[in-house]
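Visitor: Protein sequence lines, in the order shown, are assigned to chains A and B. In my numbering, each number is its position in the first sequence, counted from 1, plus 1342. In my numbering, each number is its position in the second sequence, counted from 1, plus 1342.
Don't read these hints as lab results, they were simulated from the structure. Be a bit skeptical, because a hint or two may be false.
Heads up, the list lumps identical chains together, so a pair's fine if it works in one copy or across two of them.
Stated by the list, open to error - When the alpha-carbon atoms are kept at most 20 Å apart in a straight line, the in silico DMTMM-like pairs for lysine to aspartate or glutamate are as follows:
#1 K1830 to E1815
#2 K1730 to D1557
#3 K1444 to E1512
#4 K1721 to D1563
#5 K1772 to E1756
#6 K1773 to E1815
#7 K1355 to E1624
#8 K1347 to E1512
#9 K1555 to E1835
#10 K1555 to D1455
#11 K1730 to E1596
#12 K1773 to D1726
There are 2 protein chains.
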Amino acid sequence: MFPYKTSITFDRKSNQPLYLQLSNQLIALINANRLPSKTKLPGSRTLAALLEVHRKTIVACYDELLLQGWIETIPQRGTFVHSDLPELQQQDFSEDSIIKDKNTTGFQFYKRDHLQKNTAIVSTGFITLNDGVSDARLTPINDIARIYRRITSKKNASEHLSYGSVYGNETLRVILASYLSQTRGLDISKEQILITRGSQNGIYLASQLLFKKGDCVLVGDTNYASADTTFKNQEAKLIRVDVDVFGLNTNQIEEICQKQNIKGVYVTSHHHHPTTVTLSAERRIHLLNLAQKYNFAIIEDDYDYDFNYNHSPILPLASHDVNGNVIYIGSVCKTVAPVFRVGYLVAPKAFVDEAAAYRKIVDRQGDALLELTFASFIKSGDLDRHIKKVLKIYKVRRDLMCSLLTEKLAAYFEFEIPKGGMAIWLSLTKKLTWKRVAEAALLQQLEIGDWTRYDPENLGHNAIRLGFASYNEAEIYQLIEKFELTFKAIEEEKSS
Amino acid sequence: MFPYKTSITFDRKSNQPLYLQLSNQLIALINANRLPSKTKLPGSRTLAALLEVHRKTIVACYDELLLQGWIETIPQRGTFVHSDLPELQQQDFSEDSIIKDKNTTGFQFYKRDHLQKNTAIVSTGFITLNDGVSDARLTPINDIARIYRRITSKKNASEHLSYGSVYGNETLRVILASYLSQTRGLDISKEQILITRGSQNGIYLASQLLFKKGDCVLVGDTNYASADTTFKNQEAKLIRVDVDVFGLNTNQIEEICQKQNIKGVYVTSHHHHPTTVTLSAERRIHLLNLAQKYNFAIIEDDYDYDFNYNHSPILPLASHDVNGNVIYIGSVCKTVAPVFRVGYLVAPKAFVDEAAAYRKIVDRQGDALLELTFASFIKSGDLDRHIKKVLKIYKVRRDLMCSLLTEKLAAYFEFEIPKGGMAIWLSLTKKLTWKRVAEAALLQQLEIGDWTRYDPENLGHNAIRLGFASYNEAEIYQLIEKFELTFKAIEEEKSS
């Protein structure tokens, strides 16, 4: 008889029922031709005794294998490996071949070097810098959960539970058209709005429609790293344009357009990512005129619109777009909390229609319940109240962070006080590199993060974005202290 | 003076504040060079009187334009269009050019013929056929909303509100690894799981990694239309393989593999989509062996696993995959409700890592709160209880639908009673086409939907999927009656 006892093992700590463990191992043995077609299997009592399991386990296993067609029962003769199994390929059987390697694939797939791979996990106790994110602790989570509950308990809730529109929930589109008109001066109707899973999803969908291999896209030097990655993923050709205190250099853009065909320009007009400057009025007109003249798309990623400390926000390029050149992208993720993946892409209807058709194969549709929740959150004025509330808090944090940087660390850092947003563009002054600072900071339990993303072409931009909004006052003091200790350690090492 | 009164109009029904309407129109006039650089603007009182608005509106508008740098104030002289505006391109100004066309773009983008464009909206009162969806009215929405509320009101809730893992929520991955092991015999760890936005999202991500232009993918004839579209989107070459009562013809697959390089095979092994047949045990082994021999990926879309009426489900190919050939895709969308976009992709870790890196540019991450909700829903046994409950209901509906089809419509339809799933593969017998039937059905307020998707290559498959699960008994009687009236009308027209 086949050596069942030594060939079959049970993992009694596993969640998998014993009969399934047994079934899988028998199937593997059949597959490996160790139990060839027509082999007689032991009776359930015999096998149960042999494997020291309950007879019910064997019966359940045989039932499963019968159902699946791996074995057959011949009356008065017993149970056999099925006679109709195909001739199996001969294998050099070894124990290894049934121990599955959980890492490697048995097939080829495309790996993309431009994609950012799994980032390291930081130990607790560390302060980790970010490039400007909201403080999750200020999220009006109870209000949002209450609205969600109200929507799901309505009598008509089941209308929203089945398949919905690929454009996003109708109510949210209507409310957003009105909200974006009131707050941003966009003269749009709901047909021009696609509800996305946040800004990144908007950039991705726009890229799919705009770029194929070799198409040119203009981006800032430096630029928001995720946007760069998304364009590279389309095998688009990235051409970098200088960024100064007025934003993207539009004269350079004009020169490039005179020489070659440009499909798109990516711009974070409100506050350039990463440097935080605002695109000047002069350049805004210039860019819009160039787009009209040279027929390129402006991808306007207005991630920072809601965050202004000194004056009311500057209206987006999209609000002056008379020729249908602007694809306007925004989200509530940055403003409320990153976990709520609700954003929008605003563009001429023909573009929105194509983007919606494309999104159908990406993820079919959005979350109508969450979209309805935010429709209500916006319409009731809760969103505006939330923005006002956190703006006050973030302004205090910005001022504290900036004054401490000036007071304690002026010898090492240069920066301008940002007029808006959630981050400071922080340059190292002395002959230090962020690499060196990051290494020394780790010893102070301060995690700088990936500074290289702010200088993707190795042009020597010796700066990072230092988010300030997510830290309370105590944490800001702590962060500054860790920086002080870091530089102290570096100085001591130098002088020793 | 410039004819402000005739050049500027207000839409008083619009949600956009008057001062923003005015700002935008002035900017458009500056852009169009009708108000050139250095033009003196009227005082706020004068303009207010002229345009019949409150003076505050003009002041707010001028403030906005000042901030944005469109105009400047020169003390003791007045307000002027900014002197530093760039030389604007000369335009042949007409009224049209400031009326934005909300449809067409001022740039080129790629349109994809293979994508399904906006589908028609059906009037209420109609019964609309579907290809097998759950009944939204049976969704345990109150239980789910209660769990969501509980999770959001926990003290540590804010941990889940900021940016999270691109792989999906850790807790759900752990629970799914155990759940898929118990229910489907998958011997996996959480590192092999990527949480997706549902099955379609899984198919999309897998396709991005597997296929580039010209790569070959084998699919059934006929096959799930959305999968076909997704592969076509990658410009992959689709090769169709016959489907009979045992599922995909694996001998044909072997012949194809002998001749050319195959990157992947898409299979809905549990119940072939659309024909509802189950892939036989023999062919399962054969397909796995072929994948191992020819190094192709099996994309196993197990959308129907939870729905079996006659016996326990057949374990997926993935549970016998010893060589890392299977990419296993499933979701809770089909089982609980389509609005909950939570699914999974299970594959060797190297593949999951690359898919996670790719998903980061698609939509950054999933909804951690919803993922935690489903982690709890699964772990508590609620999901299993829900499946048991709806299975009983759907079985009654299947039996009723099938017996009525046999009793009342046997002259027109042929079908096998499906052993599982939520749809019947319904062939027309007589010399009728679905086109003809669909036209006649519309007059009975019965919407057949897009029957062509079941025969993408025009091979004469005269069948559609008739979903039965989403209708209650009264609706099933109504649907059958509408079919009877449809055929009656067709017969009458013929004989007249």
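Visitor: Using 20 Å as the alpha carbon limit, work out where K1444 and E1512 are close: within a copy, between copies, both or neither.
Guide: between (44 Å within a copy, 18 Å between copies)
Visitor: Taking 20 Å as the upper bound on the Cα-Cα distance, should K1773 and D1726 be classified as within, between, both, or neither?
Guide: Neither. Shortest intra-copy (44 Å) and inter-copy (63 Å) distances fail the 20 Å Cα cut-off.
Visitor: Up to 20 Å between alpha-carbons, please classify K1830 paired with E1815: within, between, both or neither.
Guide: Neither: 23 Å inside a chain and 78 Å across chains, both beyond 20 Å.
Visitor: Checking K1721 and D1563: alpha-carbon separation at most 20 Å within a copy, between copies, both or neither?
Guide: Neither. Shortest intra-copy (38 Å) and inter-copy (49 Å) distances fail the 20 Å Cα cut-off.
Visitor: Indicate which option fits the pair K1730, D1557 if close means a Cα-Cα distance not exceeding 20 Å: within, between, both or neither.
Guide: neither (41 Å within a copy, 53 Å between copies)
Visitor: How would you classify K1772 and E1756 at a CA-CA limit of 20 Å: within, between, both, or neither?
Guide: Intra 10 Å, inter 82 Å, cutoff 20 Å: intra-copy only.
Visitor: Measure nothing new, just compare the shortest in-copy and cross-copy C-alpha distances for K1347 and E1512 to 20 Å and report within, between, both or neither.
Guide: neither (62 Å within a copy, 37 Å between copies)
Visitor: Can you give me the call for K1555 and D1455, within, between, both or neither, at a CA distance of at most 20 Å?
Guide: The answer is both: 16 Å in one copy and 19 Å across copies each meet 20 Å.
Visitor: Is it within, between, both or neither when you check K1730 against E1596 at 20 Å Cα-Cα?
Guide: neither (39 Å within a copy, 65 Å between copies)
Visitor: Between K1773 and E1815, at a C-alpha cutoff of 20 Å, which is it: within one copy, between copies, both, or neither?
Guide: neither (30 Å within a copy, 79 Å between copies)
Visitor: Cα distance capped at 20 Å. Does K1555 pair with E1835 within a copy, between copies, both, or neither?
Guide: Neither way: K1555 and E1835 sit 49 Å apart in one copy and 55 Å across, limit 20 Å.
Visitor: Taking 20 Å as the upper bound on the Cα-Cα distance, should K1355 and E1624 be classified as within, between, both, or neither?
Guide: neither (69 Å within a copy, 32 Å between copies)
Checked against the numbered hints above, the structure breaks hints 1, 2, 4, 6, 7, 8, 9, 11, 12 and satisfies the rest.
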